[in-house]
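Taking the hints into account, I'd like the entire structure generated from these sequences.
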Amino acid sequence: MNPATAPTMQAPPAPSAATREQPAAALPRLLAGIPASGAMTLEDHLTVHGEMPLTGAHRRRQVREQAATLIDEVQRAGLLGHGGAAFPAATKMRAVASQRRRAIVVINAAEGEPASLKDRTLLEIVPHLVIDGGVLAARAVSADEVIVCACESAHAGIEATTRAIAERDQRASSHAPKVRLTTVPCHYVAGQETALVSHLNGAPARPTFTPPMPFQQGVARRPTLVNNAETLAHLALIARHGASWFRQVGTPTQPGSALVTLAGPVARPGVYEIEHGASLSSLVAAAGGATARLHGVLVGGYAGSWIGAEHLHGLALSNEHLAAHGATFGAGVVLALSELACPVAETARLARWLAGQSTRQCGPCVHGLDALATSVAQLAAGGGADPEGVGQAQAAQRVDRLASLVTRRGACGHPDGAVSVILSAMDAFQAQFADHARHGPCDACARPAELPLPARPVPSGSQRTGLRRQ
Amino acid sequence: MSQRVRVNPIACEAHGMCAELLPERITLDEWGYPLLDEQPLRAAEVEHAIRAARACPTFALLVTRERDAARGGSR
Chain H
3 MNPATAPTMQ
13 APPAPSAATR
23 EQPAAALPRL
33 LAGIPASGAM
43 TLEDHLTVHG
53 EMPLTGAHRR
63 RQVREQAATL
73 IDEVQRAGLL
83 GHGGAAFPAA
93 TKMRAVASQR
103 RRAIVVINAA
113 EGEPASLKDR
123 TLLEIVPHLV
133 IDGGVLAARA
143 VSADEVIVCA
153 CESAHAGIEA
163 TTRAIAERDQ
173 RASSHAPKVR
183 LTTVPCHYVA
193 GQETALVSHL
203 NGAPARPTFT
213 PPMPFQQGVA
223 RRPTLVNNAE
233 TLAHLALIAR
243 HGASWFRQVG
253 TPTQPGSALV
263 TLAGPVARPG
273 VYEIEHGASL
283 SSLVAAAGGA
293 TARLHGVLVG
303 GYAGSWIGAE
313 HLHGLALSNE
323 HLAAHGATFG
333 AGVVLALSEL
343 ACPVAETARL
353 ARWLAGQSTR
363 QCGPCVHGLD
373 ALATSVAQLA
383 AGGGADPEGV
393 GQAQAAQRVD
403 RLASLVTRRG
413 ACGHPDGAVS
423 VILSAMDAFQ
433 AQFADHARHG
443 PCDACARPAE
453 LPLPARPVPS
463 GSQRTGLRRQ
Chain G
89 MSQRVRVNPI
99 ACEAHGMCAE
109 LLPERITLDE
119 WGYPLLDEQP
129 LRAAEVEHAI
139 RAARACPTFA
149 LLVTRERDAA
159 RGGSR
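Protein chains in written order, with the working numbering: chain H, 3 to 472; chain G, 89 to 163.
Hints should not be assumed to be uniformly reliable.
[What the hints assert, rightly or not] Restraint ranges, calculated between C-beta atoms of paired labels, are given here:
no. : chain 1 : residue 1 : chain 2 : residue 2 : range
1   : G       : H136      : H       : A205      : 45 to 55 Å
2   : G       : R153      : H       : R403      : 50 to 60 Å
3   : H       : T293      : G       : R153      : 38 to 48 Å
4   : H       : H313      : G       : E135      : 31 to 41 Å
5   : H       : A168      : G       : A143      : 32 to 42 Å
6   : H       : G204      : G       : P145      : 23 to 33 Å
7   : G       : A143      : H       : Q432      : 39 to 49 Å
8   : G       : E135      : H       : S175      : 40 to 50 Å
9   : H       : R103      : G       : R153      : 19 to 29 Å
10  : H       : R103      : G       : Q91       : 51 to 61 Å
11  : H       : G40       : G       : Q91       : 51 to 61 Å
12  : G       : D125      : H       : L48       : 34 to 44 Å
13  : H       : P443      : G       : A143      : 41 to 51 Å
14  : H       : Q399      : G       : E108      : 24 to 34 Å
[Unchecked claim] Covered, in the sense of this in silico footprint (three residues per stretch, anywhere, with C-beta under 8 Å from a C-beta of chain H), are these stretches of chain G:
no. : region
15  : 94-102
16  : 109-122
In short, the hints are calculated from the structure, not lab data. Note that the coordinates shown come from a computational prediction; the quantities given were computed from them, not determined experimentally. Every residue gets a Cβ at the ideal spot worked out from N, C-alpha and C, and that includes glycine.
Spelled out as structure tokens, the structure:
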């Protein structure tokens, strides 16, 4: 699905004002009361969610107490990051809050993952909820600036956010942190924390070597809290309704709700809000059901893991349940592959695409992902003139060898993610890979690609030019 | 306090000096980039490790005093 395709929003109508005092545990939460089209205005946002709490205090001590209270509440809520790593939000906030210099909050809606649409959708539809979260996080870590980072191709999100910031500026007090919007190039790795910080510091949006981590020294060398847009939207609701409300849905280890980008052969692909632990079948049913039989599902995006069709029955979308299949919920991507597609050819294309998304800074990533893509292409091309299958066995061994050579050897997690998705495909689609080894390309190989792999620019200035000192 | 070798993979340009000077801990992959044994250095190795770090033309080899638990972000 390309970003031009409008995501289908599924959400019941707005809760009535009467239910607002004691919000129900039911979903939707983030998508509560969204308009039929366009973004929720500030007025509607306040009607649905109420005033933003914790904004009254101006005295230093009061502000400090409120900050500590909010972080404690986020910890009790058990809010985990929704950018992919599921890192505890409170831990990250404490790390920034404990630094001495004045902090900055970055709302990460860069969403370089082409299979994910949730962050741009949030900016498009509920920009005020996202900004609330950023402003509250700024309070919690005593930051005076909030920067919203949107993917430069997310035009509707950029427009809605620009309007939302203007609406808020009209009524903001002088104590409110300054909110501004910045666009980010749309390549795959640009949303990585250090790449985003690098971009905001005027350098190419490429990952940097750590330490220093952004929480120590990020934008303008200040301690920087980089949070995914959805994480902050949840935070805005936790600040209003509290930790125990938050925990009324989800699982004990992964409480709350989550946005999922569902793509593939379903009647209404798009962005859905589910509770953590909801079944895959309930999600597919909410999307009007599957329109084809499936080979499997890719969970977590292009750094995620494939789960074969035989395991989909009863599959629950939480890290706890997905771990049994070697998968994680990641940034909430659920990409179904129809039985009409060839999983081997799709994996070969994905491997080549991921190699192309390297920012070409680290040798093992540059050489390793390229070699991996070549080996997977060999597996897809199959035996042919090699009836003994010797070449195929060698190519498979080479993939394993390259996987271990590449893992944990980049400055960022891109090579690790690429390895994960390739190995999980070879595992989930063993039969199809074996078939290709014996008989070469199948009929489905010639079909158009199902996985969305947009031609996105890799960052300029990314070629290695001679000697660079850190 | 234990010391370990670490490489900045962005700065590393596969000159391979480190593997020459600290073969006990560093070998090279098929493209010439270092594969490190990041277990704590033995006392006798520390001096060699520091020499290897100084010899690196891009200053990509580091001798760290504590393990950097924190790596890159989510991607």
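Status of the hints after comparison with the structure:
no.	hint	verdict
1	H136/G / A205/H: 45 to 55 Å	violated (35 Å)
2	R153/G / R403/H: 50 to 60 Å	violated (33 Å)
3	T293/H / R153/G: 38 to 48 Å	violated (58 Å)
4	H313/H / E135/G: 31 to 41 Å	violated (53 Å)
5	A168/H / A143/G: 32 to 42 Å	violated (56 Å)
6	G204/H / P145/G: 23 to 33 Å	holds (27 Å)
7	A143/G / Q432/H: 39 to 49 Å	holds (47 Å)
8	E135/G / S175/H: 40 to 50 Å	violated (60 Å)
9	R103/H / R153/G: 19 to 29 Å	holds (24 Å)
10	R103/H / Q91/G: 51 to 61 Å	violated (29 Å)
11	G40/H / Q91/G: 51 to 61 Å	holds (58 Å)
12	D125/G / L48/H: 34 to 44 Å	violated (58 Å)
13	P443/H / A143/G: 41 to 51 Å	holds (50 Å)
14	Q399/H / E108/G: 24 to 34 Å	holds (29 Å)
15	94-102	holds (count 7)
16	109-122	holds (count 5)
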